[in-house]
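Colleague: Here is how the chains run, residue by residue.
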Amino acid sequence: MANKRDLPPINAGALADISFLLLIFFLVTTTMVSDRGLSRILPPWEEEKNEMDVKERNVLSVFINLRNEIMVGGERMELTELKDRAKIFIQNRYDDPNLPEKEITEIELIGEFPVSSGIVSVLSDRGTSYGMYIAVQNELTRAFNEIRDEVSFRFFGRPYTDPGLTNAQRIAVQQAVPLKISEAEQRDMAGGQ
Amino acid sequence: MAVLRKKEKKETPRISMSSLPDVIFLLIFFFMVSTTMRQVDLLVRFTLPVASEAQKLEKKSLVSYIQIGPPTDVRRYGTTPRIQLNDAFRGMGDIGAFVVSEKEKLGEVRGHYLSVSLKADANLHMGIISDVKTELRRAGQNKLIYAAEIYAKH
Chain D
1 MANKRDLPPI
11 NAGALADISF
21 LLLIFFLVTT
31 TMVSDRGLSR
41 ILPPWEEEKN
51 EMDVKERNVL
61 SVFINLRNEI
71 MVGGERMELT
81 ELKDRAKIFI
91 QNRYDDPNLP
101 EKEITEIELI
111 GEFPVSSGIV
121 SVLSDRGTSY
131 GMYIAVQNEL
141 TRAFNEIRDE
151 VSFRFFGRPY
161 TDPGLTNAQR
171 IAVQQAVPLK
181 ISEAEQRDMA
191 GGQ
Chain P
1 MAVLRKKEKK
11 ETPRISMSSL
21 PDVIFLLIFF
31 FMVSTTMRQV
41 DLLVRFTLPV
51 ASEAQKLEKK
61 SLVSYIQIGP
71 PTDVRRYGTT
81 PRIQLNDAFR
91 GMGDIGAFVV
101 SEKEKLGEVR
111 GHYLSVSLKA
121 DANLHMGIIS
131 DVKTELRRAG
141 QNKLIYAAEI
151 YAKH
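Quick mapping for you: the protein sequence lines, in order, are chains D and P.
Each residue of the first sequence is one higher than the one before, counting from 1 in my numbering.
Each residue of the second sequence is one higher than the one before, counting from 1 in my numbering.
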């Protein structure tokens, strides 16, 4: 009992200093960057090249030459026009015979949905800048994402990126609008013939 | 006035500092949890390309990195773009072995889910990038992520 009376109060002032030191250490070493990126699936490797049989109307070829100029389906185009061009191609709203076919597919949660058979093929020159290539990939991803948003809104009432969308719903949208960007093999086209 | 001043002088209380460590500890915990220590020293320099649609990487334990860019130590290594795997410069031919060893590290089951994140400088030419892609395909690696920023850094 006598002890209890004599107990001096612990000086907690230094604790704050120590904590500050630790805090500063973590503040300095911390890197808050969350890695981001565009994910793609590469085609499997084949020793012999076999040409895929794809109907001409189902392919939108995007070529970027070594001066970072873009050619889409035979005509020159600016980067800003690319997204809308890709959207028109994938959606084919008016069933134009020159634009991709649609395959009626049964999808869970959505039902029968005309899935576009269109493939966007990106070709680049060895001299194309990587930044430009990514910019093109980004525009194409945007086109697909916007269509996914539309489909998702139509069936589930919220955009594709909405966190309220369930996993099953998200997969359904992915099946309805598959991300078909071909990682075509590089060709060495000096000058882009 | 005189009365007021007199009153103040008498009653200035000492601010209790005892809760300060608690607040700081809270902050420390926040930073400890959110921090990720940089695993490798970068030998190459890169400014990632900008892509507004870039998505956050899920499951970072399943991601391996390939860095490509001009060396940071220009005097010793020059300015030709080099490939860095783990913590050393490697050649194009080492990518296959790198993929295999990264898959082994994850184990048989999770190895199938390995993604390779390509951290490459935006000013590079596509030649080196597509060579890397070919090597990845040869090694049976099909999940590729082009690392990008969603907005430009100054």
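Quick caveat, the hints were computed from the structure, so don't treat them as lab data.
A portion of the hints provided could be inaccurate.
[As the list claims (entries may be wrong)] Straight-line C-alpha distance at most 30 Å; calculated DSSO-like pairs for lysine-lysine: (1) D:55 - P:143; (2) D:55 - P:56; (3) D:87 - P:103; (4) D:180 - P:59; (5) P:119 - D:87; (6) D:83 - P:56; (7) P:143 - D:102; (8) D:55 - P:60; (9) P:60 - D:180; (10) P:56 - D:180; (11) D:87 - P:56; (12) D:83 - D:102; (13) P:143 - P:59; (14) D:83 - P:103.
Colleague: Next step is simple, just say for each hint if it's right about the structure.
Modeller: Now for the hints, and whether the structure bears them out:
1. D:55 - P:143: With Cα atoms ~27 Å apart, residue 55 (chain D) and residue 143 (chain P) stay inside 30 Å; holds.
2. D:55 - P:56: This hinted pair is violated, its Cα atoms lying about 35 Å apart.
3. D:87 - P:103: It is violated: about 37 Å lies between the C-alpha atoms, which goes past 30 Å.
4. D:180 - P:59: holds (24 Å)
5. P:119 - D:87: This hinted pair holds, its Cα atoms lying about 28 Å apart.
6. D:83 - P:56: Roughly 22 Å between the alpha carbons, so the hint for residue 83 (chain D) and residue 56 (chain P) holds.
7. P:143 - D:102: holds (27 Å)
8. D:55 - P:60: violated (39 Å)
9. P:60 - D:180: holds (25 Å)
10. P:56 - D:180: Roughly 20 Å separates the two Cα atoms, so the pair holds.
11. D:87 - P:56: holds (24 Å)
12. D:83 - D:102: Holds, at about 20 Å.
13. P:143 - P:59: holds (13 Å)
14. D:83 - P:103: violated (36 Å)
Of the numbered hints stated above, those contradicted by the structure are hints 2, 3, 8 and 14, listed in ascending order.
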